[in-house]
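Trainee: What follows is each chain in one-letter form.
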Amino acid sequence: MQLVDVSSGYYGQKILDGISFEIIEPGVYVVLGPNGAGKTTLFRTIAGILHPITGEIRINGIHAEDQTAREQLAYLTHIDGIPDGLRVIDALKFYATVEHVGMESIDHVIELLDLQELKLKYFNQLSQGQKKRVSIARIFLREKNIYLLDEPTSNLDPKIAKEIRDLVLDLSKDRVVLYSSHNLFEAREIGTRVITIIQGKLALFGKIDDIKTQKYVVGIRVFGGENMPEDVQKEGDYYLYELEGPEDVSQVIADLSARGIKIREVKEMQNPLEELFK
Amino acid sequence: MQNIDILIIIQYIVAIGISAGALIYWRLKHEFKGELLLYTLLAYAVAIALKYVVQLPTINYVIGSNPAILGLYYGAQTAGFEVGFSYVVARFLARREKLTMKDAAGFGLGLGFWENAVLLGGLQLVNLFTYYAILSTNSALATTVYTQLSTSSPGLFAPPSALLGGGALFVLERTSSLLAHLAWGYLCVVAACTRKLKYFWIALPMGFIDFLVPFAPALTAIGFEALVFALSLGCVLLAWFITKGERNAAMSESSRNEAPLPRTTGITTSLTSVNFKRSINYGKTYLILGIIVSVVMMATLSLTGGSAAGAAILSSTFPLIVPMFAVIGCMGALMIFTSDKVKGVYEYLIAYGINPFAIFWSIVASAVGLTCIILAITVPVSIIVFVAVVGSISPVFGLLILYYTIPLSIAAAMFITMAGMIWSSLSTRKAGLNSPVGAAPILGIAPVLVVLLISTTVDPAYVLYIAAAVSGALILLVILLIGVATKKLVKERFLANV
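Those sequence lines, one after another, are chains F and R.
Per the numbering used here: the first sequence = residues 6 to 283.
Per the numbering used here: the second sequence = residues 34 to 531.
No wet-lab data here; the hints were simulated from the structure.
Don't be surprised by glycine CBs; every beta carbon is placed ideally from N, CA and C.
A few of these clues could be false.
[Unchecked claim] Computed from the model, here is a short list of chain R residues facing chain F with C-beta under 7 angstroms:
no.	residue
1	K310
2	Y315
3	S372
4	D373
5	K376
6	G377
7	V378
8	E380
9	Y381
10	I383
11	A384
12	G386
13	I499
[Unchecked claim] The calculated EDC-like cross-link candidates involving lysine to aspartate or glutamate, where the alpha carbons are at most 16 angstroms apart (straight line), are:
no.	chain 1	residue 1	chain 2	residue 2
14	R	K376	F	E270
15	F	K136	F	E30
16	R	K310	F	E270
Okay, chain R solo, but in the shape it has when bound (with noise of 0.2 angstroms):
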């Protein structure tokens, strides 16, 4: 049974890269406010959710009808929605003083990562490493699945020649999104900040950027991409040539505003490494503890019952158990947030103007890189243990590690640790519940239980989707509450001795 060229998998992770590596670099260097990933997820969910809700009824009326009448179709929707709640959710924001000109930018790439690394790209790549996965496994579900996607995706098992140039095309098709959603989603955050709608009026054409779909065919592919990147390579030219003197304005308002000392920005990412760091040798106890206890845990199962029987438990058991030592191994990073609050670390860093998304952000990021750690030790681990015992990598294994393992256990970290920052914060000294550190772990298990239990009454085959789901939920579950702890909880929670 053929299964699916690894070069589609590598067109999404180049197409994924440019988007978040755009983004990232931009991080870096223009250093803007880490929320607006949130905001602009806002403004591009809302506005997706809304095209399916508009498409739903009357797509049907619509498709195979006059090419322009369909393009229209298209291009409004995105027009309207996509660059329409741009500017409404920028104006929102701009009006509260929370987006300035210096965020324009950096809005742009949000909206363009969120439809090319995540809806587009990040999401169809892990139903093709699933689909990559199950057919690597020769099983019935395997064949199935095989069968399904010959009919409905025959492109995935074109030969290599064929993909190549499909690949370079589908990455230039990402790379025009990208720069599509670079230009209008700029515009919208200028003509939000300097109130001024002609930007607006300006940005709201580019949607009619899709008004070409239904023309790809008569264009050819090759033709159709070249002229949508031309098209959007334009469209950031053009805002970025109109803007000139509002960015000018911005930077002679910011000079005259500023203090003669150098800004202190771009401090998150500085305070995620140090807290890294501090987590590591504060939580050392607890790391090596984890990492430990399932090494041991793996001889054990690899040796119960001969090599045959140690195989299939070690196979079907190891990769179910290693999110619970995951999660005790970064506790470090909930020592940190609470030892740093008893010591009055956060009245500081909060003077000094770190906001608690940054102090949130930091030691769940340390939650996460603490995961790392164990994992990058014991799936290794595991991995040759399991070659040793039976010869070859059993795909039940490697499914388990690749679904199961490695995203219940970096999800379980993430909720565990901002559960436990957000009980630290509303405890009292008093109440001598400040810290959370000696419940957490039973808390923190919880979820990867839950999933355990939920997997000995289905069918093994949902047993991954599950997972999948748990530790999706949980991620989201955690990106919401940092949103809300940052919003609700008042400074004074973070202090010592109030």
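Extracted from the complex, chain F is given alone in its bound form (with noise of 0.2 angstroms):
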């Protein structure tokens, strides 16, 4: 994949601003950046959903906007995207249509994003976990080349996110992961490369390891409250907990659990960025 001189943004309004890098091996490639910074931007833009104001995107040497290079992308972003008024196994068949693949298909990924018990179900009366999950389901109709995930865990609770992780980690063997995320934790966890964007350019196209790390924070959503410890910081309805990382969740649950306080939810914050790029 190669991006040379992208600028691109919505009606003429520039958001990216002379984007160039050149993807050539297999791996995960982890976007960070600021709220605002361009990364959706840059995901649409190669997904060929917004045209380049300037500057040109390949893929294999191919125009990102000709039909043969869409079909080796997939693409999932932040947004559901699944038609109103649909069960689930109804929503998968639809983008199967689209896909032109078959029920094996479909059958397969309900196995692998585990959705037997809400095949049935209508999209719209499902938790946001569980429409992230079947959001996703859809890029694993088909096998592609390049898969472009934007914030494919936001709102999964950590064991849903780790075996997501798991699944990009696998896919990313001998394809190509772009990967945008608010929480470092994760970037680090995932991927080995990373793209920063501030303010619509390129800031690093490096290493993970050349930026600073930052603790691992879950949120839990509990019932009641009352037996909370009191030093809990607390964001919404969200008790949060700065971790060193997703194997000390455990812990904390069975401590919760000793106080006789009820789990509602738990699930990965997104960790602000700003204070990397300073």
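Combine both chains into one complex, guided by the hints.
Mentor: Written as structure tokens, this is what we have:
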């Protein structure tokens, strides 16, 4: 994948400015940047949804907006993109029709993303995490060469997020995965190379070790909350825990259970990245 | 009074079926781009318009002259304008990477489709239906039409024994025309894509097939049609064999560029089918409303003032109001579009390589499908009610259904769906106007009301022509809007949160 001096944006207004990089080897390339930096715009431009204002994108030497190039790309954005009023199975059938694959592929992704119990439910009845799983399932309907994953684990509980990351790591053995995240811990776990975008410009295209580390933060929503330790910070309905990594989550849950606290939801929080770039 | 034999109508339907069938078959089999039909329309329409422009002031000088001069006159125009413009359009598109070798046969079939299924087939078929319907009425208008036709086109009233042979020759003639257009259209695209002008120079003389036209009387009908068919078939075979090397080169180039994945082509058909099913489910309230209200209206009208008066009202009024219910009933398609846009579905579809043309077309086709459901229920039911009340079908009722209700319902549904999609695409969530569904039925029945109002002020004999003209204009407008919107609307317009 080759980007040459790509500027892109909406209605002629530039969000990305003069981005150039080339990806030759397979692997996970984590796209980092603060909110509004242009990560989603970058993904949309590579996916052919936005036409570059200047510059050119080539996939295996073919113009990115060419159908042959598009067929090599899988794209996942933070919008579910599931048609309204459909059951999960029908939503998967809709995209299977678009991808020209059959029931075998649908059965495969149902098993892969553990959607067996959800498949007959209407999509709008699902929780945020379940919706995300269905949305992710779509990109595995057909094998691709390049995967553009825009915050695929946001709103997921740590267990599912870990499973998704494992799937991505498995993919990346012989495919290119562009993976955007707000979570630096996640970035360090999954990727070895990083593309950082700041104010629409390419700030770094290099090794992930070149940037500083940050704590792993999970948010825990509980029933009641009267017995919660007083020193735990709160963001909305979520109590925030700064941990060394996902392996510490089970210990936190055990501690809270010992206090008689019933846990409603655990999710990885979006870690602000602004400080990284100071 | 003698009516047109149904065999004449059948021969046109067969000829149209061959051209349209070949095009549809190639579309399903080889999945060329849908826009190709618009491009070929452009090439063909400009060529035919120029032929008329040239012939209008010059035809009198050559008509009746030596057949060879007349033949050159016709042949040169077909070669220069039809073949020439096919190449100009193909070259223009190939330079912009809108046309590839894969589209060559589809391009040729498209040219043949416009000539045989539309200009010389479809339009004439509409005329024949009109004559047939008018001559069924035994009215003063029917007598006038019969007198005119029996003088200008006595062949329309020939006995069936004569029609069978003529019909077969007509079908052969249209098939020959399709083959000739296929041959030169194909070669023009190959010439444009490979930048090898030699293919164009081979295609150009194929237009001189019209050189034979003035010799038809001398050759007899069978001899002439057989010769033209043989030459047309020869043109296709020649085009196919001399381009074998180019096809092989294009295939190996394509396989070099292709990813090791199956291609996702033929999406338009699938998307249309899926969206049609969804639009039935999504807009079922509107669909049921459209059907129920029209049936209730029909029952009310048929019972008004006793059977005779009810029949009169039913025959003259009911067909006029059905298009309004069709507009209401087709809202499911527009609802699908606005909902999918808000839900971000189009972001994914565009990423999959589906272009806005396919999206617009699938929604418009779904709206037509919904309208057909309403018509398929209300029209037969109204005929049954009519027969039950009166005992037979009134010609006026039949004519109105055929030329007013059906075309105007479909045209109004297409128009409001396309207008609604453009409205939704141009609106933003902030403006709160993303869903035009609320106002769409009001806008959609406007053309129907306009026709109704005009109908009250003109001679009833012209009502059908007005309805047909408005329907045709609306359908052309929709085609134009699809083309313009595909070309001019930036893709950001299809995203949910921009």
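Trainee: Hint by hint, note whether the structure agrees.
Mentor: Okay, the hints, checked on the actual structure:
{"no.": "1", "hint": "K310", "verdict": "10 angstroms, violated"}
{"no.": "2", "hint": "Y315", "verdict": "6 angstroms, holds"}
{"no.": "3", "hint": "S372", "verdict": "5 angstroms, holds"}
{"no.": "4", "hint": "D373", "verdict": "6 angstroms, holds"}
{"no.": "5", "hint": "K376", "verdict": "6 angstroms, holds"}
{"no.": "6", "hint": "G377", "verdict": "3 angstroms, holds"}
{"no.": "7", "hint": "V378", "verdict": "5 angstroms, holds"}
{"no.": "8", "hint": "E380", "verdict": "6 angstroms, holds"}
{"no.": "9", "hint": "Y381", "verdict": "4 angstroms, holds"}
{"no.": "10", "hint": "I383", "verdict": "5 angstroms, holds"}
{"no.": "11", "hint": "A384", "verdict": "4 angstroms, holds"}
{"no.": "12", "hint": "G386", "verdict": "4 angstroms, holds"}
{"no.": "13", "hint": "I499", "verdict": "40 angstroms, violated"}
{"no.": "14", "hint": "R:K376 / F:E270", "verdict": "25 angstroms, violated"}
{"no.": "15", "hint": "F:K136 / F:E30", "verdict": "32 angstroms, violated"}
{"no.": "16", "hint": "R:K310 / F:E270", "verdict": "37 angstroms, violated"}
Hints 1, 13, 14, 15 and 16 from the earlier list are contradicted by this structure; the remaining hints agree with it.
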